[in-house]
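Novice: Those protein sequence lines, which keep their order, are chains A and B.
Quick note: the first sequence uses the numbering used here, first residue 27, plus one each step.
Quick note: the second sequence uses the numbering used here, first residue 98, plus one each step.
FYI, nobody ran anything at the bench for these hints, they're computed from the structure.
For clarity, every value in this text was computed on a predicted model and none was experimentally measured.
Fair warning: there could be bad hints in the mix.
Taking CB as the label site, the calculated pair distances span [said to hold, decoys possible]:
#, chain 1, residue 1, chain 2, residue 2, range
1, A, M155, B, Y254, 28 to 36 Å
2, A, L263, B, R228, 47 to 55 Å
3, A, K42, B, R228, 40 to 48 Å
Cβ atoms here follow ideal geometry from the backbone N, Cα and C, with glycine treated the same way.
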Amino acid sequence: MDAVVAKPQSFKSDLKPVWCPGCGDFAVLSAITRTLTELGLPPREVALISGIGCSSRLPAYTSVYGFHGVHGRALPLASGLKLARPDLTVLSVGGDGDGFSIGGNHFVHACRRNVDLTYIVMDNSVYGMTKGQASPTTEADWTGSKLTPEGPGLAPFRPLEMALSSGASFIARAFSGDPLELTRQLCAAIEHRGFSFVHVLSPCVTYRPEQKGWRARVHGSFEAPTADRREAFLRLLDDDGFATGILYQGRETPFQPTAQATAPVAALGAQFAV
Amino acid sequence: MRMDTVSPMDTLEDFIAHAIALEEDSAIRFDDMADALDVHQNHEVTVLFRKMAHFSRLHLAEAQKLAEGLTLPRFKPWEYKWPQAEPPETPELDATHYLMTPHHALVMALESEKRGHAYYAGLAQSHANARIRELAQEFAEEEAEHVALLEAMMAKYPAPPADWDEDMDPPVSVD
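Work out the full structure: start from the sequences and follow the hints.
Specialist: Put into structure tokens, the structure is as follows:
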């Protein structure tokens, strides 16, 4: 079975995405399936864990193991799974609201903990599933939502700086309009030993149609990754938010405690009996 | 990001590997877009996108036939030398809309065929390898036929009124 070279389509499930036509998340799904094909990973050895939001629907559209978790809690679930099953390739996916607001604290500590998993955030600077409110990465002057008619008035969250200062050992940014470059980054992220964070600019064509203009704004300034955290910080000082490529790849040791003998499942269940 | 000019390919095997990837990627993207439009009940455009995927697969089969008896190189997805970020005939995802009309779908298909034509015509004109020039010329002529065919189809589907994307009962609304 595994000797047969899989095609990316074999990593897609029969369920068709309900995303709005034109959504950048389609390209991210496609890049993930290409990546798994490229790395020759059998579906039974991969798990995709998500939170809540448009992009968090992604696990259902694949044939690998999936878990559609609670809002903002994808990373604790993914970390727990990886610690319990280090043999699995664990990917966590979600959006900017799920990852940087509701799950913001988990993001910081997942970077710090450096568990060997890959976190892919599809950032469209808006809460799409709840119909278009400002998210942590929304520009201060975006007036597209009636909830913030004068704009959120806050400086947007800067995910790469946060990841770098929190200790992530692999940090990259890609654009959904360049899915082949995204595939390259995802292959490198999965092959990296430690917590890898891939920030994907993924336009919301429904609530932020102006993001179609991102195609003209992205540029490849992070072409060569650095293993020097200071150098990475310096690069970020000049970052306009549209530089793509692998910014940082360090050699920090991943967190993977030695497995302890565990009790039978029934005994564990008994501890939680009410 | 990839360069904005076509990088040269060295061998006939490279060229055919690119031709196969070009058609395969186009077929997959048209199928993905058909699925997306189908979910949103836009059946007329779904049918058109399926047709485009079918045509891409026919061309894919032709390219695969050329590969018979050859050992093709195995490129990683990002190692192909395309003029843009994606293969020339891959339609751009962000041009789709749940209310798009057959006219829009044909415009997308036409643009992708024109890019395919320009890609092959460029190789036919400039490649150092005579066999690649010859095949690229054949492919460019085929692409020109597809362009003409799509332009003829477009006569049946004129541009819709400017308010084509206005929805009196939108499935989504801000706040």
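Novice: Each hint needs a verdict: does it hold in this structure or not?
Specialist: Quick rundown of the hints versus the structure:
A hinted range of 28 to 36 Å for the beta carbons of M155/A and Y254/B is consistent with their spacing of about 33 Å. The given range of 47 to 55 Å is respected by L263/A and R228/B, whose C-beta atoms sit roughly 51 Å from each other. The hinted window of 40 to 48 Å between K42/A and R228/B holds, with their beta carbons roughly 42 Å apart.
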